[in-house]
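If you want the building blocks of each chain, they are given just below.
There are 2 protein chains.
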Amino acid sequence: MRESELLAHIYQRSTSLGEHVVVGPGDDCAVVRLTDNGPAALLTTDQLVEGRHYNADTPLDLVARKAIARSISDIAAMGGSPVCALAAATINSEFTQANELFDAMARWALRWSCPLVGGDIAIADGPTVLTTTVIGTPHRDRGAVLRSQARSGDLVCVTGSLGNSLATGRHLSFEPRLLEGAALCDAFGNKLGAMIDLSDGLGRDAGRIAAASGVRLTLESSLLPRAEGADWRSALQDGEDYELCFTLRGEAPAELAGTPVTVVGVVDAGSGCRVRTPDGEFIDGAAMGWDHES
Amino acid sequence: MRESELLAHIYQRSTSLGEHVVVGPGDDCAVVRLTDNGPAALLTTDQLVEGRHYNADTPLDLVARKAIARSISDIAAMGGSPVCALAAATINSEFTQANELFDAMARWALRWSCPLVGGDIAIADGPTVLTTTVIGTPHRDRGAVLRSQARSGDLVCVTGSLGNSLATGRHLSFEPRLLEGAALCDAFGNKLGAMIDLSDGLGRDAGRIAAASGVRLTLESSLLPRAEGADWRSALQDGEDYELCFTLRGEAPAELAGTPVTVVGVVDAGSGCRVRTPDGEFIDGAAMGWDHES
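Chains A and B are the protein sequences, given in the same order. The numbering used here numbers the first residue of the first sequence as 1 and each following residue consecutively. The numbering used here numbers the first residue of the second sequence as 1001 and each following residue consecutively.
Think of the hints as simulated: they come from the structure by calculation, not from any bench. Keep in mind that the hints are not guaranteed to be accurate.
To be verified - One side only, chain B facing chain A, incomplete, derived with CB under 7 Å:
1) Ala1030
2) Leu1034
3) Asn1037
4) Thr1045
5) Val1083
6) Ala1088
7) Thr1090
8) Asp1120
9) Pro1127
10) Thr1131
11) Thr1133
12) Thr1137
13) Ser1148
14) Gly1258
15) Pro1260
By construction, the Cβ of each residue, glycine as well, lies at the ideal position given by its N, Cα and C atoms.
Just chain A, same shape as in the assembly (with noise of 0.2 Å):
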């Protein structure tokens, strides 16, 4: 069984989880109150692992920024901020460097000021795994931004450039999109639609928001903004690019946060993700993507 249709199933089934939970399962981050009436948290958990999401041969620094740089990439993705992180580490018995590795981890959660909070440590045979768990806090005027707020008539935009984020090793080095998330909301407030982080490819990303927003997004191959060595299929298609996607009523900005910013679609009525390719069929966007388990 594949993954996203593994978490497909523990999205399905949350339905009435009682009053404090805002949104539940299937966003990038849930959305909780602590208390009655009080301020909403958002909440990320993310695992990674030896010899799926990184090589036994990649740096131990860049593992860490990696293991807290996907979770800070979906409080991104709901235009909020970081409050702290906890990190659980399963590993090898063998593994001699979990000093240095939560050290590493806990440099890199300051840097986005995000300090590590609490910790576990666990020994198993098999490979590493590093479990992260962010808590954040929405846009304090936007709120969380959603994958369901696209509405017809937005535009759609990405930050920075796409493709071949494993290839080139970007996938351990890139930026979460916190500045550029927080500036969509100050500057657009409710014009920002929907939004989301790439991880598993901007086709399948995409189909993501339109499933959840119940309208249609089609975008342009033409317009795709391609990091070096890219074409337009591997931009669409290749995953871990963590830029973010999202939806827009007006006029797009050119930049964000020194960031460029790129309108690649438009959301009208219907339903999926479909692209224009360069001959000018239309081909299903969601399908193309990169699924962790493949």
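Given chain A, work out where chain B should sit, using these hints.
The following block gives chain B in isolation, referenced to the frame of chain A:
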């Protein structure tokens, strides 16, 4: 290296974590404010490893129960109430019951009013590892009950009975002492000193209160409430009881929320945890405990 040493490294590393972190690593939960002057949150993360914390033939429902209950117990140890949980699972590609496992974790989480709001699944070689993070709130009036709040003159008390938890299977079916922790806060307020939940054996965990509080705990072997089949050594050193150990100024209650309470010792000036044996000799309690690594 032992897990306890690795964890000690995490605790020691954490110095200045910023103004929002009230209590960093090293207690049962971290205590963090999400916003300036906002309500405090309790945060805890724990891993449950197949072959270590349960066996391959343990019924799935009990595995799910323990994965949730251990983290809930950490919230109870702060006198708090759970708000929500996140669960991450690393499973083997041959493990076919991931859906059932998450469903069961979600059910158990709701039993303790702690909806599962997020999850992650990764497939990797090796044993199943379940990482549960629980977010909670401290008692409204008492605030978070820390390991560091024991004072000379306090009584040392425990809930329930101790020992033999692994042999009897109680480690799979224990009831986290949420009601008891809250009742303590309600009834005793600041007369309640320090608190911890007993995961590594009373001797070792009481030593943690002593170390965090800068006091000495003296336990009486003759007073220990022993679970069926447990002698005083077993009650002192067996792990995974998940009862509460706390210190109290004034008269101890006979029960809390229907659970018996037993006075097992006193706090005075000094350091460490010592245990008076039936022969009247003193032994080092902190050395008697169950390291998950051993």
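Evaluation of the provided hints:
{"no.": "1", "hint": "Ala1030", "result": "holds (4 Å)"}
{"no.": "2", "hint": "Leu1034", "result": "holds (5 Å)"}
{"no.": "3", "hint": "Asn1037", "result": "violated (10 Å)"}
{"no.": "4", "hint": "Thr1045", "result": "holds (4 Å)"}
{"no.": "5", "hint": "Val1083", "result": "holds (5 Å)"}
{"no.": "6", "hint": "Ala1088", "result": "holds (5 Å)"}
{"no.": "7", "hint": "Thr1090", "result": "holds (5 Å)"}
{"no.": "8", "hint": "Asp1120", "result": "holds (5 Å)"}
{"no.": "9", "hint": "Pro1127", "result": "holds (5 Å)"}
{"no.": "10", "hint": "Thr1131", "result": "holds (4 Å)"}
{"no.": "11", "hint": "Thr1133", "result": "holds (4 Å)"}
{"no.": "12", "hint": "Thr1137", "result": "holds (5 Å)"}
{"no.": "13", "hint": "Ser1148", "result": "violated (16 Å)"}
{"no.": "14", "hint": "Gly1258", "result": "violated (25 Å)"}
{"no.": "15", "hint": "Pro1260", "result": "violated (30 Å)"}
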